[in-house]
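Enquirer: With chain Z's structure known, arrange chains Y and E with the ligands on it following the hints.
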Amino acid sequence: MTDATDESELYDLECRNLVRTFGAFIAVDDVSFGVPRGDFFSILGPSGCGKTTILRMMAGFDRPTSGDILIKGKSVVDVPPNRRPVNMVFQQLALFPMMTVAENIAYGLVRKGLNKTDIADKVKSALGRIGLPTSGGKSIKQLSGGQQQRVAIARCLVLEPAALLLDEPLGALDLKLREHMKVELKKMQDQFGTTFVYITHDQSEALVMSNHVAVMNKGRFEQIGSPQDLYYHPDTAFVAGFVGDTNRWHGRVESADASGVKVVSADGVNLIATAAGKTPLVQGGEVDIFVRPESVVIATGEERVSGMENRIEGDLVSILFNGANSRALIRDRHTGGELDVALPQTGEFSHLKRGQAVHLGWGKAQAKAFAADARRDQGVGT
Amino acid sequence: MRMQSATRLALFLLLAPIVLWLALLVILPHVDMFMVSMRERVGIRQYEYSFANYVEFFVEPLYWRTFARTAIMSIIATVMTLLIGFPVSYYIAKMLRGRMKNFLFLLCLVPFWVSELVRTFGWMILLRESGVISNLMQWMGLVSGPVEMLYNDATIMVGFIYTSMLFMVVPLVSTLDSLDDSLVEAGYDLGGNAFTVLRTIIIPHAMPGIVSGCIVVFMLTLGNYLTPVLLGGKDSLWFTEQIYTQFITRFNWEQGAAFGFLLLGLSSLIVWAGLRLSRQTLSQTMG
Amino acid sequence: MFKSTGKMIAGVLLGAGLTMVASQANAETLRLLTWGGYAPDKVVQMFKAETGIDVEVTNSNNEEMISKLRATGGAGFDLAQPSQDRVAGAQSEFDIYKPIDLSKIDATKIIPSMLEGTKKNTTVNGSAYGVPHVWGTSLLAVNTAMAPDVKDYLDLCDPKYTGKISYRLKRPILMAFAFSMGMDPFAAYNDKAKYQDILNKVEAKLIECKPIVKAYWSGADALIALMSSGEVVAAKAWDGTGWKLTAAKPEIKTMAPTSGALGWIDTFVLPKKTQNEAAAYKWINFVMRPEVAAMIVEAAGNFTAAVDGDKFVEEGARKRFQDTFPPEAIDNIKWYPPVPTGLEEMEGKVLDRVQAAK
Ligand SMILES: Nc1ncnc2c1ncn2[C@@H]1O[C@H](COP(=O)(O)OP(=O)(O)O)[C@@H](O)[C@H]1O
Ligand SMILES: [Mg+2]
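Chains as they are written, first to last, in the numbering used here: chain Z, 16 to 397; chain Y, 1077 to 1363; chain E, 25 to 382.
In case anyone wonders, no lab produced these hints; they're calculated from the structure.
Small disclaimer: the values here were computed from a predicted structure and weren't measured.
Ideal Cβ placement from N, Cα and C applies to all residues, glycine included.
The reader is advised that the hints may include incorrect statements.
Unchecked claim - Coverage of chain E stretches by chain Y, computed from C-beta distances (three or more under 8 Å per stretch; other residues unrestricted):
#, stretch
1, 237 to 251
2, 362 to 375
As the list claims (entries may be wrong) - Residues from chain E shown here face chain Y by an in silico Cβ test under 7 Å; the list is partial:
#, residue
3, Glu87
4, Ser116
5, Glu255
6, Ala380
Only chain Z is shown next, with the shape it has when bound in the complex (with noise of 0.2 Å):
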């Protein structure tokens, strides 16, 4: 066995076997994982996964049924939330309406003893990090959506947090500032130099800012990586669903060896792929394929494809433009499904008609099959 306080100490912040249960319900099982120093790091999955209960757990608002949780190596299973070193920044923000600005970034510092002239230089440069330098002496509610939310990060950010929990923070706020605070956000982390603990259901917010992703689903962690692995390396078919846009078939596994994976589709079409994920595939067994939309190559006429061990004939449902992330979506023309499929930024397909053929192909390596799983598809924990 490896020295356990060794290995912590590498993290800011770690969760082992971590399990929470309501009564029957599992909400969070037997979650692992650890946070190093200044990393930006995000629990990505649908909601109701659990991921708001690990935060609280983390925060100390609530405590695990079993595991631990440690910060800078120490358990803190057994301290209140206001020894923690960690704070939260709240769905709904939770700012105090009945002060200030910046009696709201204050109050943390306040309640550390620290003296009145520390106090104030601290939020003084705190306002002016989050550019809201005049705004000290407003109240909550004169505040913008995206204004609320830095103050409610700054607040926290004074106290020099082991890590900042932060439960989808942006989800209150307007597609168009919710973009723009991404970056913001990240920006943040980076000046104040603070672990982020991050949650959301948002797999482009934990793609654009985070260095660690990790997939929640149903309680449990099905796969923690860098935004690239997950994307591009999936462990699990929910992973690989999940993660990104994906076109998905379900079938049942003809063949597989080391030369790629035969399988008929439901709906009968017949694939090659790649075996993925740690089930192996045996012949008979439900597998689910998945194939990105940027790994489809389209064409007008059929020598452009011959080449791949996927091919489709299809038509030309419509044309979804989006400048350079313009789609095509596909209908195949034996069995009627929709293909997903990323246009070219050349813009050589800008001209194709509604109901127009097109020939599809993608070749095995593009395409990942993974067992199916039966935990998933019945659709309760263990």
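Expert: Here is chains Y and E with the ligands on its own, set in the frame of chain Z:
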């Protein structure tokens, strides 16, 4: 245009009964009472206008002492009701959910299932020397002889608090209900302890409820008549009792009316001072 | 009519107003403002059977009767029953009554001395306003087992009985203490300086005695509770209440104090705006019949001014009466003379100061 005047007419028609009611039953009697209070009886069926009845209050120590006692006891009762009512309200508003919450809330209504008179007699049956509690204590061997728990200020206080609890708990529960749990958690998260969170977050948030509860309880206690008279015994002195005495026993409507206006004025003054002290305004409290 | 009103009086008025509306719908109603027990249901039913007149009974006391009639200028009731000493003063101050027509009263049914006395005491400007009905006294109720040596009002100040004494803090206790202290307040009624002097002495005494008192009782029920539980061993009481206590607990004696019981007579008077004078006279003559009078004695606990009214009274009650009042005690009863205006205000301040004293 036409639409507008029609709605205005409708509004007027709707308001007319209320205005009429206010004028007939509230304003007119008060104006009239004020006229009565300004009359000084100089002989049989002879009156003159003067401030004599008001002056009497200030020159006769008995009266202003009675008022001072009434006001101070009412303030104490209000503070005690708040001190007891606040944790109760917090528990109802924040700790309980669903059925239990409604049940406890209803429990505060229990005192109002019977009339004030019956309720006060209930207290007397419990607390008197030959009463239930005295006997129970003797039976349990806590005391050797009967104990009299009636006829003192502490008992009056208990009676007041019991009667007032609902009027404190209702506004408190409704303001505390509106306090977002995450504000309290944020208070702890940023390093506050139970006391500082209470002082800096919960109380400021609940302030409108505290103030309106206190005003209602203070005014109700000040205007209470049966509780101090029946539970207070030989030393009970209460300003409303004095007003009643002037009106009914002494047939001195002039003095009674003057006392009534003094009570109105002085109690408004106390409420105003309380608002100033707590840095609240009446409109904040109502809004 | 809605002039000169406080909230309280507005309520009274509203009630009176409603009663008026009700009575106009059915003219044959007698609205009686009286004391508890003076108009028992049985008597009301007999009266209805005989005359067809409904009697609406409102129970009250002296002060409230005067206040109610004052608020309405003498309207709202057809017949009232204040004590004889409170009629003349209230009439001259507030003008709320109507002279009574003695020719419509069957004088043969009323004890002549009482009729004469009441007539004299309730005369204002030459007109008589009252005829006597129920009479009684206030005196001592003593638990002889626990307080054997209480004989007079001043004995209520005996420190032996600290915390076991009760009386009502109203004007009768002032009179009682004055007599017990050897003074005659009634003789000083028309000399305010002398009367004030008496009041001052009584005030000092009452304040001195205050620590002895357990509680000032406020109504018959409170007194009965205090004495029958043994919490109080001696009290100044109404005789009717005392006899109720004696009947239930023989060791509680109802006794005339050595300085004399204080006697009162409750009267019949006509409110100024009475609407059914005929029914009022019918009622007066009806309740003065000996057998009806006996029923009222039973209910009220006090005797009436009806001739032979005690003949039909139950034996126990007669016995209790005789125990309390041997002939010499009857002679020693101090009957309240009419109170001149102004005295009540002086007395009121004394009572307030006693109440406020520590
Ligand atoms: N206090 C609680 N009692 C019972 N169930 C709870 C409680 N808190 C959370 N849950 C359940 O646990 C699951 C995870 O909740 P949560 O952590 O809030 O999810 P999310 O990932 O959306 O933040 C949900 O199904 C929720 O209903
Ligand atoms: Mg959540």
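Enquirer: Against this structure, judge whether each hint is valid.
Expert: Verification of the supplied hints:
1. 237 to 251: This one holds; 6 residues, not fewer than the three required, reach chain Y with a Cβ under 8 Å.
2. 362 to 375: holds (count 5)
3. Glu87: The hint holds - E:Glu87 has a Cβ within 7 Å of chain Y, the shortest such distance being about 5 Å.
4. Ser116: holds, 6 Å
5. Glu255: With a closest approach of 5 Å, the E:Glu255 hint holds.
6. Ala380: With Cβ-Cβ at 5 Å, under 7 Å, it holds.
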